[in-house]
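Engineer: Each chain is listed here by its residues.
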Amino acid sequence: MESSDWELVRRCKEGDRQAFRELVERYQRKAVAIALGMLHDREDALEVAQEAFAKVFTSIQQFKEEASFYTWLYRIIVNLAIDRQRQKSRQPLLERNDPEEGESSLIDMMPAEASADPYEQIKDKELGEHIRRAIAQLTPAHKAVILMREVEGLSYEEISEILQCSRGTVMSRLHYARKRLQSLLGRYL
Amino acid sequence: MSRCLRSERLVTALHDDELDNPLRREVASHVSGCVVCSHRLATLGRMQELLSQTFDDEIEKIEFSNFWRGVESKLQEQPLPWKVRLQLWRARWQFNWPLSAPVWAAAALLISTTLLLSNPPSFNTETASNEIVSPPVSRSQDTRSVAFASNQQAHIESLSAVSTVSLWNEPASNATVIWVSEDDGGMP
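Going down the list, the protein sequences come from chains A and B. My numbering puts the first residue of the first sequence at 6, with every later residue one more than the last. My numbering puts the first residue of the second sequence at 77, with every later residue one more than the last.
Only chain A is shown next, with the shape it has when bound in the complex (with noise of 0.2 angstroms):
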């Protein structure tokens, strides 16, 4: 029978490594999602999954079991992950016009300095090349809001738990984030 969270976080406290092992296979394919969603760099993403995992070790012990062990972990993720993005000085484009209709494709409205970023090697315009530049479009806050949403399906409670923020703040940054989206991504929709 498979342990609980709570089990195997208690099990981790005892220095079970076992136990931490677990945790780590049961999320990391979620956590590497959020960073990648974060960064659209796969190995930037691994290496921050991979840090934030070590660093709940190092802190299980802080943890208070009350609370729920993947809010935690996806809060370490999308603090690593903004700080990851702050070094690599990358700025997400957040002024630019919503496009009017025929107006010319996505791929024209993309920053030249976004071309450094791996995801942009485009060579085809598969629609999931368009989405992930899209997301890139927005900033830190609303990617982490609208990943944890529509990938991860958190409530809007765990959102502000895991962002430390309010469920009004959740509410309005995902009604701009899809709002972004929709305006960048319209001919798919």
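Heads up, none of these hints are tricks.
Subject to a maximum C-alpha distance of 27 angstroms in a straight line, what follows is the list of computed BS3-like cross-link-like pairs (lysine-lysine):
hint, chain 1, residue 1, chain 2, residue 2
1, A, K35, A, K18
2, A, K18, B, K150
3, A, K93, B, K150
4, B, K150, A, K35
5, A, K35, A, K93
6, A, K60, B, K137
7, B, K137, A, K35
8, A, K35, A, K69
9, B, K150, B, K137
10, A, K18, A, K60
11, B, K137, A, K93
12, A, K60, A, K93
13, A, K69, B, K150
14, B, K150, A, K60
15, A, K18, A, K69
16, A, K35, A, K184
17, A, K35, A, K60
I should point out that these hints are in silico values taken from the structure, not numbers from a laboratory. From a predicted model like this one, the values you see are computed outputs, not experimental measurements.
Got chain A; can you put chain B on it based on the hints?
Structural biologist: For chain B alone, kept in the frame of chain A given last:
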């Protein structure tokens, strides 16, 4: 239409499953009969589908077999608190023996005491600890060396015909004192 503009947030909350039952039923009922809101709901659903599929596809391309090794390597890079290091050491050595730490400490003390008592440092197996002994050195001999216990050896450079050699072993400090006296026959 104005009602639909006001209900945009409600349609979003409906899509996100964030409405409680009475309100949820009311909004769902409205959406089913409103072209604008049903289109809005469908758009939200399509966006979610695209986003989750995009990341699912990307995650599927990633090989996770070495992910754990990467985590271990990150752990080694980080300075672990001493409590965590102790826990890791215990886990690594599978320290599952039932005896408690005080018992192990007592056992270690007993073993070290036994070893010390069974193999005390000594220069002569026939003598007691602080006895002054005179090795069988003839006064007529010009002795160059005297052998003590199995692994201790002292060298005397020269002796005259009237020299007396005395040895004093101090086990506590593991010291051996060699006295070479003239005429008076021994140590003061």
